[in-house]
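Sequence order for the protein chains is A and B.
Each residue of the first sequence is one higher than the one before, starting from 1 at the first, in UniProt numbering.
Each residue of the second sequence is one higher than the one before, starting from 1 at the first, in UniProt numbering.
To be clear, the hints were calculated from the coordinates, so they are not data collected in a lab.
Please note: incorrect hints may appear among the correct ones.
Unchecked claim - In silico lysine-lysine, DSSO-like type, Cα no more than 27 Å apart, as pairs:
1) A:K76 with A:K65
2) A:K42 with A:K57
3) A:K22 with A:K104
4) A:K42 with A:K89
5) A:K38 with B:K222
6) A:K65 with B:K169
7) B:K209 with B:K222
8) B:K169 with A:K22
9) B:K209 with A:K65
10) A:K89 with A:K104
11) A:K42 with B:K209
12) A:K71 with A:K57
13) A:K12 with A:K57
14) A:K12 with A:K89
15) B:K209 with A:K57
16) A:K12 with A:K76
17) A:K57 with A:K22
18) A:K76 with A:K89
Said to hold, decoys possible - Computed beta-carbon distance windows for the label pairs:
19) A:D61 with B:R68: 55 to 61 Å
20) B:Q291 with A:H96: 33 to 39 Å
21) B:F237 with A:D72: 49 to 55 Å
22) B:I352 with A:R93: 38 to 44 Å
23) B:H194 with A:H96: 53 to 59 Å
24) B:L70 with A:Q67: 50 to 56 Å
25) B:I190 with A:D61: 25 to 31 Å
26) A:Q67 with B:Y226: 56 to 62 Å
For every residue, glycine included, the Cβ atom is placed at its ideal position computed from N, Cα and C.
The lines below spell out each chain.
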Amino acid sequence: AGGGRMIDRLRKWYYNVAGFNKLGLMRDDTLHEDDDVKEALKRLPEHLYNERVFRIKRALDLSLKHQILPKDQWVKYEEDHHYLEPYLKEVIRERHEREAWNKK
Amino acid sequence: VCMNLYVMNLVKGHLIYYPCPLNINFLWNYGFLLGIVFFIQILTGVLLATCYTPEVSYAYYSIQHILRELWSGWCFRYLHSTGASFVFILTYLHILRGLNYSFSYLPLSWYSGLVIFLIFIVTAFMGYVLPWGQMSFWGATVITNLLYFIPGLINWVCGGFIINDPTLKRFFVLHFIFPFVALAIVFIHIFFLHIHGSTNPLGYDTPLKIPFYPNLLTLDIKGFNYVLVIFLFQSLFGIAPLSHPDNAIPVNRYQTPQHIVPEWYFLSFYAIIKTIPNKTSGLLVMLAALQVLFLLAEQRNLTSIILFKFLFGPRDYSLSTIWFICTFYALMCIGYQLPQNVYIIYGRIFIILFFVCILFTLVQFKRTNY
Chain A
1 AGGGRMIDRL RKWYYNVAGF NKLGLMRDDT LHEDDDVKEA LKRLPEHLYN ERVFRIKRAL
61 DLSLKHQILP KDQWVKYEED HHYLEPYLKE VIRERHEREA WNKK
Chain B
1 VCMNLYVMNL VKGHLIYYPC PLNINFLWNY GFLLGIVFFI QILTGVLLAT CYTPEVSYAY
61 YSIQHILREL WSGWCFRYLH STGASFVFIL TYLHILRGLN YSFSYLPLSW YSGLVIFLIF
121 IVTAFMGYVL PWGQMSFWGA TVITNLLYFI PGLINWVCGG FIINDPTLKR FFVLHFIFPF
181 VALAIVFIHI FFLHIHGSTN PLGYDTPLKI PFYPNLLTLD IKGFNYVLVI FLFQSLFGIA
241 PLSHPDNAIP VNRYQTPQHI VPEWYFLSFY AIIKTIPNKT SGLLVMLAAL QVLFLLAEQR
301 NLTSIILFKF LFGPRDYSLS TIWFICTFYA LMCIGYQLPQ NVYIIYGRIF IILFFVCILF
361 TLVQFKRTNY
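Just chain A, with the same shape it has in the complex:
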């Protein structure tokens, strides 16, 4: 149990050091857009997709101005929800199933 708390603290520390939360991005916003992620994005509900686009656009604007958000607007580790994870897992599961069928 102690080890789990330690790992969680390490994750939280690394989350803050990575720095994308300072640009208002969530973890799933930073996933590299390979084919699986692109397919998962197509399956996102409209409101989640629009929120993602807004966050990315805001981050690009901040990057242009070499600024970060005020501290109270940083995404907190506890508030970061992996909105893309269920859709991405589904896409990967389907791809594995398709590959298994094609092998036969």
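Mind docking chain B on chain A? Use the hints.
What follows is chain B alone, placed relative to chain A:
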């Protein structure tokens, strides 16, 4: 008329209306700056070539003639020699930017860029032989003698058993031709870049773009102004002692310099060759150090082998890139030293770290976590 229209459309498509991400910063200036410095090198090089004599008895004295007798000859000579250092510093910074941000998105640009880098290395090595100073001769002797393990290769490269008149002549011709080959590959490099579009510091494939002219051209010109000031200061006042004083002494085949060192931009590779006891192994490890950069753009295939899940790859702070910079600089410092035990041991450690850094970059770029 059709040809003019075609050229105008090319210029408009690639230089005026070319869509660039809006958040690219000074790290994206180095390509433009390299183009400018490369152009200066070609211009000054062609002018110097009209007055240079590639013959062992006259080479050193033709350069003295350029320096002392010809109007502004000294200016062109120092612009050219400083330009070589600036080409390499800008190339290293450009490669570092690519290593940190862009190579996984633009593999073809990465490969063509590395080919240009290799051509620069060969061109600079041959160019350094042309002044026919002590360091030119002995540096070329050291490097060409690395090829001893293939029978007849040294004879074929040098045109004889030692660096002599045939070597000087062929090095002059190749030093003249290779930059134009590099120029052709630069166009291919930019072509591959423009097919995909430029990357940006955040790494997103964003449709938010702005035209190259006037926004990013002015950013590039700003960077050019800063570099031009430093370039002119270095060329005309020689602030940093970049070239070795032994190269101001004419070649003396019977007197080896106390310390044979290449120019600063080759010191890291020289350290790799020096610290490995076997000459052939040293050469092969040095070539591997260059070749491993080619390996990086193959990461889309290798990540199935290296299943290291690395979450939250930070975009602006890359541990492996920082280690790489430190290792490269450490090897540079070691390359400058005389071969003493302590430097040899550290050199070997840093060579291992060098390869670990590159391979760690491979690992770090696996972003999808499942």
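Status of each hint after checking the structure:
Among the hinted pairs, K76 of chain A with K65 of chain A is consistent with the structure: their alpha-carbon atoms are about 23 Å apart, no more than 27 Å. Our distance criterion of 27 Å between C-alpha atoms is met by K42 of chain A and K57 of chain A, whose separation comes to about 18 Å. The hinted pair formed by K22 of chain A and K104 of chain A fails the criterion: a straight-line CA distance of about 48 Å is larger than 27 Å. Of the supplied pair hints, the one linking K42 of chain A and K89 of chain A holds, its CA atoms being roughly 14 Å apart against a limit of 27 Å.
Restraint check: the Cα-Cα separation between K38 of chain A and K222 of chain B comes to about 37 Å, which exceeds 27 Å; the hinted pair is violated. A hinted pair counts as satisfied when its Cα atoms are at most 27 Å apart, and K65 of chain A with K169 of chain B does not qualify at roughly 53 Å. Between K209 of chain B and K222 of chain B, the direct Cα distance comes to roughly 20 Å. Compliance with the 27 Å bound is thereby established for this hinted pair. At roughly 59 Å between alpha-carbon atoms, K169 of chain B and K22 of chain A are farther apart than 27 Å, so this suggested pair is violated.
Pair hint K209 of chain B plus K65 of chain A holds up; C-alpha atoms about 15 Å apart against a cutoff of 27 Å. About 23 Å separates the Cα atoms of K89 of chain A and K104 of chain A, which keeps this hinted pair within 27 Å; it holds. The straight-line distance between the Cα atoms of K42 of chain A and K209 of chain B is roughly 22 Å, inside the 27 Å bound, and the hint therefore holds. At roughly 19 Å between alpha-carbon atoms, K71 of chain A and K57 of chain A fall within 27 Å of each other, so this suggested pair holds.
Restraint check for K12 of chain A and K57 of chain A: satisfied, since their Cα atoms lie roughly 25 Å apart, inside the 27 Å limit. About 23 Å separates the Cα atoms of K12 of chain A and K89 of chain A, which keeps this hinted pair within 27 Å; it holds. Distance check on the hinted pair: K209 of chain B and K57 of chain A sit about 11 Å apart at the alpha-carbon level, within 27 Å; holds. Taking the CA atoms of K12 of chain A and K76 of chain A, the gap is about 9 Å. The hint holds against a cut of 27 Å.
Our distance criterion of 27 Å between C-alpha atoms is met by K57 of chain A and K22 of chain A, whose separation comes to about 14 Å. Between K76 of chain A and K89 of chain A, the direct Cα distance comes to roughly 24 Å. Compliance with the 27 Å bound is thereby established for this hinted pair. The hinted window of 55 to 61 Å between D61 of chain A and R68 of chain B holds, with their beta carbons roughly 57 Å apart. The supplied range of 33 to 39 Å is met by Q291 of chain B and H96 of chain A, whose beta-carbon atoms lie about 34 Å from each other.
In this structure, F237 of chain B and D72 of chain A meet the distance hint of 49 to 55 Å, their C-beta atoms being roughly 51 Å apart. Take I352 of chain B and R93 of chain A: their Cβ atoms lie about 40 Å apart, and the range 38 to 44 Å holds. At about 37 Å, the beta-carbon gap between H194 of chain B and H96 of chain A misses the expected band of 53 to 59 Å. A hinted range of 50 to 56 Å holds for the C-beta pair L70 of chain B and Q67 of chain A, which are about 52 Å apart.
Take I190 of chain B and D61 of chain A: their Cβ atoms lie about 28 Å apart, and the range 25 to 31 Å holds. Between Q67 of chain A and Y226 of chain B the beta carbon distance is about 22 Å. The supplied range of 56 to 62 Å is therefore violated.
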